[in-house]
Amino acid sequence: MATKQFKAESKRLLDLMINSIYTHKEIFLRELISNASDALDKLYYQSLSGALTGVSREEFRIHLAVDKDTRTLTITDNGVGMSKEELEQNLGTIAKSGSLAFKKENEQTEDVDIIGQFGVGFYAAFMVADSVTVTSRRYDSEEAWVWRSKGAEGYTVTAGEKDSRGTEICLHIKASSGEENYDEFLDTYRLRGLVKRYSDYIRYPICMAVEKSRLKEGSEEEYETYTEVETLNSMVPLWKKSKSEVSEEEYNAFYKEKFMDWQDPARVIYSSTEGSATYNALLFIPAHAPYNYYSKEYEKGLQLYASGVLIMDKCADLLPDYFSFVKGLVDSQDLSLNISREMLQHDRQLKLIAGRLEKKIHTELLSMLNNDREAYEKFFEQFGLQLKFGLYSDFGAHKDVLQDLLLFPSSEGEKPTTLAEYVERMKEEQKYIYYACGETALKAAALPQTEAVREAGYEILYLTADVDEFALKVLHTFSDKEFKSVTAGDLGIDLPDEEQAEPTEEQTALFTAMTTALEGKVTAVKASKRLKTHPVCLTSEGELSLEMERVLNAQPGEQKVQAKRVLEINENHPIYEKLLSLKATDEALLATYAEVLYGQALLIGGLSIEDPVAYTGALCDLLAK
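When you number the sequence shown by this note's numbering, it's gap-free, plus one each residue, and the end is 625.
Worth double-checking, as some hints may not be accurate.
Said to hold, decoys possible - List of simulated lysine-lysine pairs, PhoX-like, C-alpha gap at most 20 Å:
(1) K258 x K241
(2) K431 x K484
(3) K196 x K240
(4) K314 x K256
(5) K300 x K360
(6) K68 x K25
(7) K241 x K256
(8) K473 x K484
(9) K484 x K399
(10) K174 x K196
(11) K583 x K526
(12) K564 x K521
(13) K4 x K68
(14) K296 x K359
(15) K314 x K351
(16) K415 x K443
(17) K431 x K529
(18) K196 x K150
(19) K521 x K481
(20) K84 x K68
(21) K300 x K258
(22) K241 x K196
(23) K521 x K532
(24) K564 x K526
(25) K360 x K241
(26) K25 x K212
(27) K256 x K300
(28) K583 x K625
(29) K300 x K212
(30) K314 x K25
Hint data in this document are derived by calculation from the structure and do not stem from the laboratory.
Please construct the entire structure, taking both the sequences and the accompanying hints into account.
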C-alpha cells in the first residue's frame, strides 16, 4: 500500500513539535498512557449511554510489555479502539484530537474528563522510536486495522488482525548513540519509575510483567527468577479523597515520601475548588527549612497535574516568592497535558489558581498564628526571614498579605510579638512604634539610645535581621502608627522643660569645636535628650539610618553610603564637665577626646572603627596623661 502523507506540514511540523513542546524524552510514556486512559474512558461512557452492554470497568487495563531482543516497547489497552477512518483522522493529522472532539460531543455528560485534548501527545513516541505500529479494533467491529509510520515521511494503514477490542502501540526503540541513551526505555525498572512519576494516578491499572527472584524451594542459597504481573500505579490520588477519609498519618507519610523529607509537615493544607478555576490542591508547610533554602540553588514550585497526570514537577508560577517554602501539588482538569512552560506563564486558569492558593496559604498561616502560637513561632524561626524579604520586595506591594504574619522580639517579654499586639499595648500618648537594631535582641536592648524610650515606658521592637529595618521602612506605618528607630534624631518623647532649654554659648562653642575635630565623620555634636547613664551615642538624621548604612555597605560593590551621623553627649555624665574644661584649656586634647568618644559610640552601636590603629593610639595617649 502506498505511503500517505500527513495532512499537517509533514516533517518540519513533526520535528518542531517533538523538539519544542517536549524537552524530556521520557515524557512519551506519559502521553501514550494518557491516550490509553482516554480510550478506556470513552468505552466506559459508551456503556453509560446505553450504546454498549456487558462492559465492566473492573476489567479495564493498560499493559506495558518489553522485548529487549527486538527492542520493542508495547502499550496495550482494552478500550474503545479505532476504525480505519479514525486511525487516519486521529493519527494521520498532527494536532487532530479525537479526545477533544469526543469531549465536545459529550459536554452535557457528567464526569467527562478526557486528558488529551490537543492531539500532539501521540507523536512524542517518535522521540524514542524510529518506527511506530498501531493496531486497533473498534469496540463495535470485527475488523482490525494497522497504522505504521517511521516519522514525518508519512504513514500506511492496512487491514490487520486483533482478537479483542482496543489499541496496541508498538514502539521500535532507537539504538543508543553518543550521549543519547535509549536502552533505558527497555528497562522495566526505569519504566516502573516513569509510571510512578508521571502516571501514578491514572484511574485504571497499569500492568507490566516484571522479573523477580526468590530462593529455590528447599535451598538456602540458590535463587531462581520468575515473572510476575505487577500493577505499577496507585490509581487513587490522595488529594481526590475527602479529608474525612484520610488520616493525619497518611498525609504525613505521603508528604515524606513524595517530597523526601524526614520530618512530618508543620501544616497540611487541603483545597478543592470548582467554578472558574477547578482544581484540587494538597499543600504542606515543612517543619524545617531545607539546607539550601536561602540560596540560589533552591528551586520553588508545586507539582502540577492535569487530571492526575504529572505535567510539571516544579511549577514556580503557582507560588509567590514569599511563600516559596510551601511544598505540594495542584491537580486541575482545566489544564492540558501538552502545555509548555512558556504557555503556562500566560495561562489564565493557572493565574486564577495561583491567586486562590496565595489566599489559602495566607489564611492557614493566620490560623496557625492565632490558634497554635507555639507551632507558628517554630515555623517563623525557619521561614520568617522569607516573609520579611517578601514584604521588602516589589516596593512593598505585598504588605497587605504579609504584615500581619510578622513576629519580632521586643522589650515586652521573652516571646516574640506581632505588630497588632504591639499597637494594642501602646500607651495612649505614644506617637510611634519604636524599634532598635542589633545583632541579637540582647545587643539591641543594650544600646544606649534605648534609655529614654524605656524610661518613658514604651515598648521597643528588636530588629535582628539585616532586612528588618528595610521591611519596616517599606511598610512605613501600621494601624496609622509610624515606625521610629531609637537612633532617629527626634524620638517624639515629651521631656521636662529644663531638658528642652536652648543651648548656652558655652555648649555651642564646645559642640562646634568637637564637630570641627570630627569633620567628615559627623554632621553635628549636640547634647543628648535620650541618654541617662551612657556618656555618648550616635544617632542619625534623614531616611538613612546607621543600621541601613551598615547593611548596604556590607553588600558587594565599591560605592559606599553614609548616614548623617550625630554624636550625642550626655550632659549629666562626668565626661561632659571634662570636655568643657578642655575647651577652655586645651583644644588639641579636646580633639583627641572627640576622636576617642566617637570611636566609643561606634563600638557601642555595633559599627566598625574606621581606623583601629589611630583609635588605639589616641586612647593610649589619653591613658598616658
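Taking the numbered hints from earlier one at a time, note which ones the structure violates and give those numbers from smallest to largest. 10, 13, 14, 18, 19, 20, 23, 26 and 29
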